[in-house]
Amino acid sequence: MKRRTFVQLLAATPLASTTRAEESEGIPKYKVVTPYKRAALPGMPGPYPGKVVSVKSAKCLSEDGLKIDGEVVREMMERGMRALTGDAKTIDSWRRFFTPEDVVGIKVNAGGRPWVVSSHEVVAETIRNLMAVGVKAQQIYIYERFQGQLDQVNYAPRAPEGVNIFAAERANTRNDNQNYDPRVYVEADFFGEDDTRSNMIRLVSEKLTKIINIPNMKDHGATGATGCLKNIAYGSFSNVARTHYKGVSHTLSFVGTLAVVEPLRSKTVLQIMDGLRGVWHGGPFAPTLKYVFFPRTIMFGTDPVAIDRLLLDIIDDERKRRGAISIWNRDEKTLDFNNGGDRDKDPNVNIIIREPGHVEYAGNLGLGVHDKREIEVKEIEV
Amino acid sequence: MSPGPLIGSGNKKGKKGVGSGEWGVGVRNLLSPPHSPLSIPYSLLTFLLFLLPLTPQRILRLEAAEAKRNAAEGEQKLPLIYWTEGIETAESLKRAGIEQIAAPADKAEVWRKAGFKVVAVSRAEFERREKLLTPRITGRADVASATRRPWVDANGWRFVRNPAGKFYYDLPQGKAAMAIAEAFTYKADAILKIDQADLTEAGAMFAFIKNLTGENYPPIADIGVIDDKSPETGEVINLLTRRNLLFKIVEAPEPQFRVNIKLGSKEYPKAEADNPSEFAQKIRQRLGDDNRSLRVYGTETVICRLTGDGARARLHLLNYSGREADGLRLRLRGNYGRVDARAFGLSRVEPEDLVNDETATEFSVSGIGIYTVIDLSR
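Residue numbers (the working numbering), protein chains in the order written: chain U, 834 to 1215; chain X, 14 to 391.
Just chain U, same shape as in the assembly (with noise of 0.2 Å):
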């Protein structure tokens, strides 16, 4: 069976059940379990499948890209809602995704600390504009998978007060699930290891009723890039770092199969991708300026895997700028996988081969589109 068959068999498979996906051409055996249905229409891909808005600003960010004008992230984002919705005042545009009565989760990424985070300005923004709504700041949870991390970023004084702030654990340590919903997990056996299910984190799956997704532009060492997709799925399940060792990652299946599980799905609204700074080389991380670029852009829409395509490029274009190896080079003389130190010196050094090919496999389970040709996009320049 080729790749293209099997996952267009999986898409087409209901996902509200125990369901389970035959082994294919290295694609691990997955059962999904959950007891939740998707809704009519799933917030992946949404009203505007193969829709993006790309708002650039030069001025979003200083010169030497250290700080970030709240104003003009203020204004890039006000247009960028306009133009995905077509509206003519920016509160019709959240109105059309958002009621007083939702509880909004907002999955921010702050695994990029300091450099490339979900930004205090676009958080900040994207709450004024909740609370604009009507809904409440005690109806808002910020949300990321470590306590750990979102203690670093700290989001609590640009947040208005009684937003809340959520981790699922304390650190990445694999010690604390009960954040975790045991009903609704995805299981699957990697590579031997002995906890073979993801769950679903219980706030997604219990509490709120609409998610919003904050990623940043950034290079990923086992999925090419790591954008939409792998944020909301790999931030909103446990035990997701099994997918990638030696070498090998099993992202390219793991990715798109953990974000079209229900309810988070249908929970996900809407997609905004913070690409004012981003990291060309070492993300997922970015501890230091020695990777980060500036794209200075905001990309709007509800489609993921059309924004990860078009992140896919903007990583790889950046790469190539720099002389670096290509996100979809395959050759092993490039692996180095016991050595994430070299790696980090040396662009040319992979510790895993990369994949790239999680955001078409994520378009093939119906999330979105991944044609380039198919994909329209409406730049800005503000």
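The set of hints was computed from the structure by calculation and includes no laboratory data.
Virtual Cβ for every residue (Gly too), placed ideally from N, Cα, C.
Chain X stretches covered by chain U per the calculated footprint, using a threshold of three residues with CB under 8 Å from any CB of chain U:
#	stretch
1	294 to 306
2	311 to 322
3	339 to 351
No more than 27 Å apart at the CA atoms, straight line, and that leaves these computed lysine-lysine pairs for DSS-like:
#	chain 1	residue 1	chain 2	residue 2
4	X	Lys-279	X	Lys-295
5	X	Lys-295	U	Lys-864
6	X	Lys-295	U	Lys-1079
7	U	Lys-862	X	Lys-295
8	X	Lys-223	X	Lys-126
9	U	Lys-1079	U	Lys-862
10	X	Lys-283	U	Lys-1079
11	X	Lys-242	X	Lys-144
12	X	Lys-130	X	Lys-179
13	U	Lys-1211	U	Lys-1153
14	X	Lys-242	X	Lys-179
15	X	Lys-179	X	Lys-144
Since the structure of chain U is provided, determine the placement of chain X on it from the hints.
Here is chain X on its own, set in the frame of chain U:
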């Protein structure tokens, strides 16, 4: 699932003063007033012996006498602290609630006089015992990836492999309670040299295990292992234990097991065991995760022992991580309606999200420390 016994149950019925040999059953004589099997009182014997110079012959006689006494006091089965400190430390033991110890033979009587139940262990006997590892995680426990699983120093496989064995721990500070729990879980004859600073926690662990009502179910197993006593098979047994793949040592393949392993056979060549991790994975795949009597999710550092009689089961959870484990998910084959969990340091723990389907029972436990015991019944 096999209800057959995994190891020798320690049933010594008919043996004088031993009872069934199971926990809480065979300790009657340990708790009864000291008495002498000899024709003269022990105190007088001791006094007379101390009048003699300490010749090797005298030491041998002393050992022989103590061995007789130990035998009379019942086979030592509960883990015991091997206490070499002087009698001036008696108060600290009592404060910790420890009334029963193992002590060097030449100090045993003094401790008995102080009101302790004592199993005398001569230096020679101590040295004949097999030394155990300190139960703990070594290496990089803080690395998240499950595929870079932390290395667990655990001794359960040694106990299962050699149920009649005699063992000792020589423990650094902070590990006494864990070792007591480990030895108790496997019903091992183990004595423990501990750091004085651990007395209180050790006493608390003894109190915890004494409060566990008697259980005499046979261990549950999914795999048969023919043990040729080779180091290679030992390592395979170690990894099966480590991965919660429940096995039974058998003389010959047993049909109730989906997988029977004999190292050196055509199916399981010795060369394959050169990589015991991959070998254990092969066994796991042959068995199939769906056919396992026990699955543990949410940790890589908890090792379990499961016993049961079909209607009831007891699950021991030994957490080697040194950290509290939250939201551990357990799946047991069989439909159990009642789940009763007790965690050391927490007393009762409420199992959460209990799910029964046609084949299995699943539930979560949170906030568990180093040792938890879960009793299940249909």
